[in-house]
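Numbering-wise (our numbering), the sequence shown opens with residue 1 and increments by one.
The hints are simulated quantities; they were obtained by calculation from the structure and are not laboratory data. One thing to keep in mind: the hints can contain errors.
[To be verified] Below, computed lysine-lysine pairings styled on BS3-like, alpha-carbon distance capped at 27 Å: (1) K62 x K8; (2) K117 x K101; (3) K51 x K101; (4) K54 x K64; (5) K10 x K20; (6) K104 x K7; (7) K20 x K104.
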Amino acid sequence: MEVLTLKKRKDFVKAAKGFKVVTNGLVLQAALSFPAPTKECCFAGFTATKKLGKAHIRNATKRKLRAVVRLVLPQTALSGIDYVFIGRHNTTALEFTYLQKRVKNAILQINEQITAKREAYVKKVNDSSD
1 MEVLTLKKRK
11 DFVKAAKGFK
21 VVTNGLVLQA
31 ALSFPAPTKE
41 CCFAGFTATK
51 KLGKAHIRNA
61 TKRKLRAVVR
71 LVLPQTALSG
81 IDYVFIGRHN
91 TTALEFTYLQ
101 KRVKNAILQI
111 NEQITAKREA
121 YVKKVNDSSD
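Start from the sequences and build out the full structure, keeping to the hints where you can.
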């Protein structure tokens, strides 16, 4: 699956209003992306707040998240979803393999939330059409 990068603020805000999973080392937010360029793609965005520290700390946090997500997201992502990865205070201190497991678990949890919501919507639409 192709992973594209989120760049516009409105996409980050839309993801903040969607689904959310908090784990040790990161916060993952997700929302449906509506103008998906291809069938088999998703979007990923990375951010770190100023609460983490100075620019070099925030950059290191985002760099580590990008490296982990580059390995995990293509196998576990759903197509047509915007994923936003937010670094936390201990992201750079965590071991790479541990962070990789945390990211994979967070993606799987958020995918379950999204599919459950989709199934409930489809069921509701089908029940109302009867």
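Restraint status (C-alpha distance of K104 to K7 at most 27 Å):
Holds, because 23 Å separates the two Cα atoms, which is no more than 27 Å.
Is the hinted pair K117 and K101 satisfied, with a Cα-Cα distance of at most 27 Å?
Distance of about 25 Å is within 27 Å: holds.
Proposed proximity, K8 with K62 (alpha carbon, max 27 Å)
holds, 17 Å
When you check the alpha-carbon spacing of K10 and K20, does it fall within 27 Å?
It holds: about 17 Å lies between the C-alpha atoms, which stays within 27 Å.
Starting from K51, check that the Cα of K101 is at most 27 Å away, please.
holds, 25 Å
Straight-line alpha-carbon gap K20 to K104, limit 27 Å:
The given pair, whose Cα atoms are some 14 Å apart, holds under the 27 Å limit.
Decide if the proposed pair is consistent with the structure: K54 and K64, CA atoms, cutoff 27 Å inclusive.
holds, 16 Å
Hint violations for this structure: none, all hints satisfied.
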